[in-house]
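Participant: Spelled out, the chains give:
Number of protein chains: 4
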Amino acid sequence: MCRSGTNPDSIAVEIDDTADVSAAPSAELIKELVAANQILFDQGVVDAFGHISVRHDKRPDRFLLARNMAPSRVTAEDIVEFTLDGEAVNANGRRVYLERFIHGEIYKARPDVVAVVHSHSHSIVPLSIVKGMRLQAVFHMAGFVGQGAPVFEIREAGGDATDLLVSNNMLGAALAKHFDGHDIVLMRGHGSTVVGYSVKQVVYRAVYAELNARYQLQAMQLGEVTFLTPEESAACVRNVEGQVQRPWDMWLEQARSRRN
Amino acid sequence: MCRSGTNPDSIAVEIDDTADVSAAPSAELIKELVAANQILFDQGVVDAFGHISVRHDKRPDRFLLARNMAPSRVTAEDIVEFTLDGEAVNANGRRVYLERFIHGEIYKARPDVVAVVHSHSHSIVPLSIVKGMRLQAVFHMAGFVGQGAPVFEIREAGGDATDLLVSNNMLGAALAKHFDGHDIVLMRGHGSTVVGYSVKQVVYRAVYAELNARYQLQAMQLGEVTFLTPEESAACVRNVEGQVQRPWDMWLEQARSRRN
Amino acid sequence: MCRSGTNPDSIAVEIDDTADVSAAPSAELIKELVAANQILFDQGVVDAFGHISVRHDKRPDRFLLARNMAPSRVTAEDIVEFTLDGEAVNANGRRVYLERFIHGEIYKARPDVVAVVHSHSHSIVPLSIVKGMRLQAVFHMAGFVGQGAPVFEIREAGGDATDLLVSNNMLGAALAKHFDGHDIVLMRGHGSTVVGYSVKQVVYRAVYAELNARYQLQAMQLGEVTFLTPEESAACVRNVEGQVQRPWDMWLEQARSRRN
Amino acid sequence: MCRSGTNPDSIAVEIDDTADVSAAPSAELIKELVAANQILFDQGVVDAFGHISVRHDKRPDRFLLARNMAPSRVTAEDIVEFTLDGEAVNANGRRVYLERFIHGEIYKARPDVVAVVHSHSHSIVPLSIVKGMRLQAVFHMAGFVGQGAPVFEIREAGGDATDLLVSNNMLGAALAKHFDGHDIVLMRGHGSTVVGYSVKQVVYRAVYAELNARYQLQAMQLGEVTFLTPEESAACVRNVEGQVQRPWDMWLEQARSRRN
Numbered sequence: 001m002c003r004s005g006t007n008p009d010s011i012a013v014e015i016d017d018t019a020d021v022s023a024a025p026s027a028e029l030i031k032e033l034v035a036a037n038q039i040l041f042d043q044g045v046v047d048a049f050g051h052i053s054v055r056h057d058k059r060p061d062r063f064l065l066a067r068n069m070a071p072s073r074v075t076a077e078d079i080v081e082f083t084l085d086g087e088a089v090n091a092n093g094r095r096v097y098l099e100r101f102i103h104g105e106i107y108k109a110r111p112d113v114v115a116v117v118h119s120h121s122h123s124i125v126p127l128s129i130v131k132g133m134r135l136q137a138v139f140h141m142a143g144f145v146g147q148g149a150p151v152f153e154i155r156e157a158g159g160d161a162t163d164l165l166v167s168n169n170m171l172g173a174a175l176a177k178h179f180d181g182h183d184i185v186l187m188r189g190h191g192s193t194v195v196g197y198s199v200k201q202v203v204y205r206a207v208y209a210e211l212n213a214r215y216q217l218q219a220m221q222l223g224e225v226t227f228l229t230p231e232e233s234a235a236c237v238r239n240v241e242g243q244v245q246r247p248w249d250m251w252l253e254q255a256r257s258r259r260n
Numbered sequence: 001m002c003r004s005g006t007n008p009d010s011i012a013v014e015i016d017d018t019a020d021v022s023a024a025p026s027a028e029l030i031k032e033l034v035a036a037n038q039i040l041f042d043q044g045v046v047d048a049f050g051h052i053s054v055r056h057d058k059r060p061d062r063f064l065l066a067r068n069m070a071p072s073r074v075t076a077e078d079i080v081e082f083t084l085d086g087e088a089v090n091a092n093g094r095r096v097y098l099e100r101f102i103h104g105e106i107y108k109a110r111p112d113v114v115a116v117v118h119s120h121s122h123s124i125v126p127l128s129i130v131k132g133m134r135l136q137a138v139f140h141m142a143g144f145v146g147q148g149a150p151v152f153e154i155r156e157a158g159g160d161a162t163d164l165l166v167s168n169n170m171l172g173a174a175l176a177k178h179f180d181g182h183d184i185v186l187m188r189g190h191g192s193t194v195v196g197y198s199v200k201q202v203v204y205r206a207v208y209a210e211l212n213a214r215y216q217l218q219a220m221q222l223g224e225v226t227f228l229t230p231e232e233s234a235a236c237v238r239n240v241e242g243q244v245q246r247p248w249d250m251w252l253e254q255a256r257s258r259r260n
Numbered sequence: 001m002c003r004s005g006t007n008p009d010s011i012a013v014e015i016d017d018t019a020d021v022s023a024a025p026s027a028e029l030i031k032e033l034v035a036a037n038q039i040l041f042d043q044g045v046v047d048a049f050g051h052i053s054v055r056h057d058k059r060p061d062r063f064l065l066a067r068n069m070a071p072s073r074v075t076a077e078d079i080v081e082f083t084l085d086g087e088a089v090n091a092n093g094r095r096v097y098l099e100r101f102i103h104g105e106i107y108k109a110r111p112d113v114v115a116v117v118h119s120h121s122h123s124i125v126p127l128s129i130v131k132g133m134r135l136q137a138v139f140h141m142a143g144f145v146g147q148g149a150p151v152f153e154i155r156e157a158g159g160d161a162t163d164l165l166v167s168n169n170m171l172g173a174a175l176a177k178h179f180d181g182h183d184i185v186l187m188r189g190h191g192s193t194v195v196g197y198s199v200k201q202v203v204y205r206a207v208y209a210e211l212n213a214r215y216q217l218q219a220m221q222l223g224e225v226t227f228l229t230p231e232e233s234a235a236c237v238r239n240v241e242g243q244v245q246r247p248w249d250m251w252l253e254q255a256r257s258r259r260n
Numbered sequence: 001m002c003r004s005g006t007n008p009d010s011i012a013v014e015i016d017d018t019a020d021v022s023a024a025p026s027a028e029l030i031k032e033l034v035a036a037n038q039i040l041f042d043q044g045v046v047d048a049f050g051h052i053s054v055r056h057d058k059r060p061d062r063f064l065l066a067r068n069m070a071p072s073r074v075t076a077e078d079i080v081e082f083t084l085d086g087e088a089v090n091a092n093g094r095r096v097y098l099e100r101f102i103h104g105e106i107y108k109a110r111p112d113v114v115a116v117v118h119s120h121s122h123s124i125v126p127l128s129i130v131k132g133m134r135l136q137a138v139f140h141m142a143g144f145v146g147q148g149a150p151v152f153e154i155r156e157a158g159g160d161a162t163d164l165l166v167s168n169n170m171l172g173a174a175l176a177k178h179f180d181g182h183d184i185v186l187m188r189g190h191g192s193t194v195v196g197y198s199v200k201q202v203v204y205r206a207v208y209a210e211l212n213a214r215y216q217l218q219a220m221q222l223g224e225v226t227f228l229t230p231e232e233s234a235a236c237v238r239n240v241e242g243q244v245q246r247p248w249d250m251w252l253e254q255a256r257s258r259r260n
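These protein sequence lines are chains G, R, L and U, in that order.
Residue numbers for the first sequence follow full-length UniProt numbering, beginning at 1 and rising by one.
Residue numbers for the second sequence follow full-length UniProt numbering, beginning at 1 and rising by one.
Residue numbers for the third sequence follow full-length UniProt numbering, beginning at 1 and rising by one.
Residue numbers for the fourth sequence follow full-length UniProt numbering, beginning at 1 and rising by one.
Here chain G stands alone, though its shape is the one from the complex (with noise of 0.2 Å):
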């Protein structure tokens, strides 16, 4: 490993380059990686902030995350190896997301998380700023929303004058710690980070907390809502989850066209 700093991803470059050459990641997953930039960016999950990552499929220890630049534009060359702690193995110089330690704390909190999104979706930040709302499943496509999704308040971790980001280890650990058995965290006047056991599950479960918030704060609006039960959360995660070839094959079609 290497010691933190201030310019620590040149840094562990030299250190790892030679230690991990054996154990580059599948081409296939870096693929799937880089298409799942490109949906949600098309699927309006992120717009030039924002980030998706993978657990690294030969090393759990190790996760995969674009280098510091708009989702969108992402490519196989850009995806950077990081340490859990998140520090950049190959990073050769490029600039790194500041909150790439959401992804490294959680993937070391829960070991069964496999993706992670990191997100300011737009029905999302104004639910994490109501005092006593938490976002809760009102739909059969969003059951992993479950029974109200905690909310990270950083001002707990980091006090009252923080920038709002995740930009260290003490501040991921805290927000992963907020997971408590959950698959989506709220970040107050921040936006939202949700896991899941593939890249495609968790960016369709990026798109339908989305949809789930926005449904959410229209219905609110007008009355009592009837929330689903934890039973009926569980059997949508049980099977409606099993579909999501069929939406991420039509979402990539559109972001390609729509790239082009």
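Since the hints were derived computationally from the structure, they do not count as laboratory data.
One thing to keep in mind: the hints can contain errors.
Stated by the list, open to error - Derived lysine-lysine pairs resembling DSS-like cross-links, with alpha carbons at most 27 Å apart:
| id | chain 1 | residue 1 | chain 2 | residue 2 |
| --- | --- | --- | --- | --- |
| 1 | L | 108 | L | 58 |
| 2 | U | 131 | L | 131 |
| 3 | G | 131 | U | 131 |
| 4 | R | 131 | L | 131 |
| 5 | R | 31 | R | 58 |
Given chain G, work out where chains R, L and U should sit, using these hints.
Facilitator: Positioned in the frame of chain G, the structure of chains R, L and U alone reads:
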């Protein structure tokens, strides 16, 4: 016929392929159904989920529905024939929609119905989860919505632990019974199902049901709403729905130009 | 002239075709009306329904309006001439809009009016159905909305069982009377009709009436609203509407580039 | 200099053209300003109305602004130089924006300001007309909004009968005074003006001010809102606005691809 089982489709094919040679649906009907899939996607009524069927023009005990796929990508080759029990006649091993029972049971219960759309459009879902709320006709394009569309609460038929999907004939029949003289039923936490007397009409209705929901949601936030009278609703159905060719032509042109 | 009847258009053609040879409208006016159709569609003011007319530049007792079709597809060949009673002069058997009487009766009642748009735009409809609500100018682009647009309740003129359409001269005259010094009238459960002194101005007004409605709906959900004073409205009409060429040029460019 | 009058622009040209030969702004700055016009349109911050200026890089007593035209169509040839009194230096008879005084008076009052955007974006206008409401920072991308943006009520400076436009230096100075340490001012029934220290930063701010307004409007309908603390706002400005190049590159790519 064929028995239900773990792989009913492939069995169905062996039995029925011979029997039905002389009764192929008209090519025009298939073409219309394919166009309808593209329009419903382009108009935002369906995303990767949702489906439209039409009753077979030669055999009223059969209906036509795409195989399990995103509506935007459906072609004539993807249309599968089903019995009213939801058994595929010529799927040839292709996967079919879990919720085909919605269609079959409605065609059984409503001999007048020629076409059915099931969707999760953006303003219908929030309306479906507000306790005590009913979709009701608010403007002249949506007279068919009438004086308060019934809401199908799947818990009454399937208990508190379903995945909300209408995935068997019992649930399909329960839904079909809810129509009770209406042409649209909302499904709590799920979406809606709308019926019509032609493919073009049911597409028109699915588009304008969504708009009716959107306007109703907006208006009810500001005060008491004037709904159509029953007589106004009936007059709108008689006179406005005679115009369905006009939007159909335009929507088809739009869907095709945006696709290429 | 010609008598009303089951097929007035074809009769009208036979009588009027000769009489009008020397009074063709200017090609420029036709071109402008075609462009207006495309802009209104591209800006979302009309969908497959809604229409725009202009008073004939050579004969103030005639107006020009497309035949019954989606506005987005109108070309110069589709423009039909009508008497102020809504009788087609040169339809040559082509179908015409059911609601042409809106236009004719306004041109009769308001000799100052040069152009009329009737539409069902997305924020106007909900505003039209909230009891006691009136559209009122909230920003400088929509001074013409003034101090509370009248709402036309068709039940007062046509009873409780109409299809809400202004489908004869009696209803058209009742609507025209509602203007009463205003330049826009909302139609309950239907949409609005706006008038102007040129094609470009009325298109501008139809676009910004929709925006005024949208902003007013949003603001009224949060508290008491500051509307424009009558003097501010008048000053905005005088000064801002002098700029209509600027949006016109841009909208036309957009409409044409999105069409190809 | 030149005197104000009925046709100040052409007069200004005659006097200033010789004097300024050696002080042309850098080509890079012009290019950036043209790109900013295209981005602001493509991102929906401006429509045919609204404008962006930048202070002249060689002469702090001058600023650059497009001639009177839709922002989406601006090219390098359309950029005009103005004195801080809003007099055109090289308009060569081309029409200029009625509200150029917004820009000049801000550059006078705030020597630190390098760029100014004035716009009527869709969530800012409704927020500006709700009595007692103030735009306040609700998420980390909009720290610059701070603890409640001032609202400019033009009636205080111009009386109850203006057209709401800031069409002379007196009104421009009154607006500039409202900034009072803030970087954005809302204008009742009109829009907003936001300032920054570079073209890229002010474009970023105009985009995210609109999003902040949108989220705040949605959240306030549902309950009490948690705003950023003053320290959080300041930290967000310091750290998040360092990233402006990332959205700029993406927005420019989008604007250009959607244009062709």
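Participant: Against the earlier hints, flag every one the structure doesn't satisfy and list their numbers going up.
Facilitator: Result: no hint breaks.
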